[in-house]
Amino acid sequence: MAQKKLAIIAAKGTLDGAYPPFILASTAVALDYEVQVFFTFYGLQLLRRELDLKVTPLGNPAMPMPMKMDKWFPTMLTALPGMEGMMTTMMQKKIAEKGVASVQELRDICQEGGVRLIACQMTVDLFDMNPDEFIEGIDYAGAADFFAFAGESDICLYM
Amino acid sequence: MAQKKLAIIAAKGTLDGAYPPFILASTAVALDYEVQVFFTFYGLQLLRRELDLKVTPLGNPAMPMPMKMDKWFPTMLTALPGMEGMMTTMMQKKIAEKGVASVQELRDICQEGGVRLIACQMTVDLFDMNPDEFIEGIDYAGAADFFAFAGESDICLYM
Amino acid sequence: MAQKKLAIIAAKGTLDGAYPPFILASTAVALDYEVQVFFTFYGLQLLRRELDLKVTPLGNPAMPMPMKMDKWFPTMLTALPGMEGMMTTMMQKKIAEKGVASVQELRDICQEGGVRLIACQMTVDLFDMNPDEFIEGIDYAGAADFFAFAGESDICLYM
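Chains A, B and C, in that order, give the protein sequences. Following the working numbering, the numbering of the first sequence begins with 124 at its first residue and continues without gaps. Following the working numbering, the numbering of the second sequence begins with 124 at its first residue and continues without gaps. Following the working numbering, the numbering of the third sequence begins with 124 at its first residue and continues without gaps.
In short, the hints are calculated from the structure, not lab data. Only a predicted model underlies this, so the values are computations on that prediction, with no experimental measurement involved. Wrong hints could be hidden among the right ones.
Copies of one chain are not kept apart here, so a pair can be met inside one copy or by any two copies together.
What the hints assert, rightly or not - With a Cα cut of at most 25 Å, we get these calculated PhoX-like pairs of lysine-lysine: (1) Lys216 - Lys135; (2) Lys221 - Lys135; (3) Lys135 - Lys177; (4) Lys135 - Lys217; (5) Lys177 - Lys221; (6) Lys128 - Lys177; (7) Lys127 - Lys216; (8) Lys221 - Lys127; (9) Lys217 - Lys128.
If we strip away everything but chain A, and leave its shape as in the complex, we get (with noise of 0.2 Å):
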């Protein structure tokens, strides 16, 4: 049997955002799927060799508040200097408690699994990004680039 591929296109740089394309990208690697992430737009922050994700409450009504907060929370507080931050240490904390991975110990267990990290090369330019600030062992390329593998994959995702 053919081996399996998985193709992401991963488009989000925040906190919560970061954890999809990792968790699925590492788990198909270890279901010995041939995976390849496509990072495009705010994705590009996910290879920043020093990550500095956030988790923002706003706009996001289904954040599940830790300790029960919620009720003493209405959504202009959200929007308070200093939330944002809080938010995330939070987050992080819980991460860390349940024994979950951190974005950064998933992110190098996919290099080690040998999937392909690809940074959109458009956004990069766009933004004017500097290389010098992602981590190693990335390709750059475009979209056309990465059709070839997502035509031929089994499991093509944006998120």
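Assemble the complex: chain A is given as a structure, and chains B and C must be docked to it using the hints.
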């Protein structure tokens, strides 16, 4: 001809995020697809017995404002306490007026049609969610388990 | 070899949400794919004759701030009246400077290349949208109709 398969990963927990997976799943079932939906991260909210889904205009400048209010609602006002509840009520009313099924009804149609609803075990653990709060007839599994179906699917969507 | 097929469900109506479907669709057409894009929910905004797409930093802490402003812009300020317009203008300027095509241009390229653009009839009805406000040459259909193409596609993305 083999039965077609639709695999969905539902990661959002808002009122407007709830419709796409349930509409597509119920449509696919009506077209005789085999369908599985994997609820992860905020998507777990969609499996609660008592749905308390909200919609927010925060962070979504594309939301059409009912009653042409957009001229009078600068972005800042969308952060006012009460706006979220008001927008949610307005959207629910609009949906009811137009004869569109509620999320609860669409979810029932999915279950009656044989859609397999799967709660992501890792998310349940991470957020200390209580399975008693979820509807009956759902399965609990991990991403690896879901790949067995997704890898054989004709359409696999992350939403 | 049979012609490859790309099916896209476009559900976002923001400026940054407009690029992915039109870039991928136009790229795929250039690679000789048959392409259909189904515009639903907020995505319908992308079919308007007069595009009025905005980008907001609200709820997206991953947005790169132009001119290294991020140190001086705490989250709360992003809710100030005028910020949305300012960020939108900045992003449009950056896109123009870099020679990236506008959304309107990319949409034209898609139509000239034979991409089938489909407006979700249910959304049009739900939000009382006026088809006169949409561009010409598009089709109106439901999700069931779209499945006929998506179920045979090589890549199917929800974005």
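Do the hints match the structure? See the list:
1. Lys216 - Lys135: both (21 Å within a copy, 22 Å between copies)
2. Lys221 - Lys135: both (24 Å within a copy, 22 Å between copies)
3. Lys135 - Lys177: Classified as both; 11 Å inside a copy, 17 Å across copies.
4. Lys135 - Lys217: Both ways: Lys135 and Lys217 sit 21 Å apart in one copy and 20 Å across, limit 25 Å.
5. Lys177 - Lys221: within (19 Å within a copy, 28 Å between copies)
6. Lys128 - Lys177: neither (30 Å within a copy, 36 Å between copies)
7. Lys127 - Lys216: neither (35 Å within a copy, 42 Å between copies)
8. Lys221 - Lys127: neither (31 Å within a copy, 38 Å between copies)
9. Lys217 - Lys128: neither (32 Å within a copy, 36 Å between copies)
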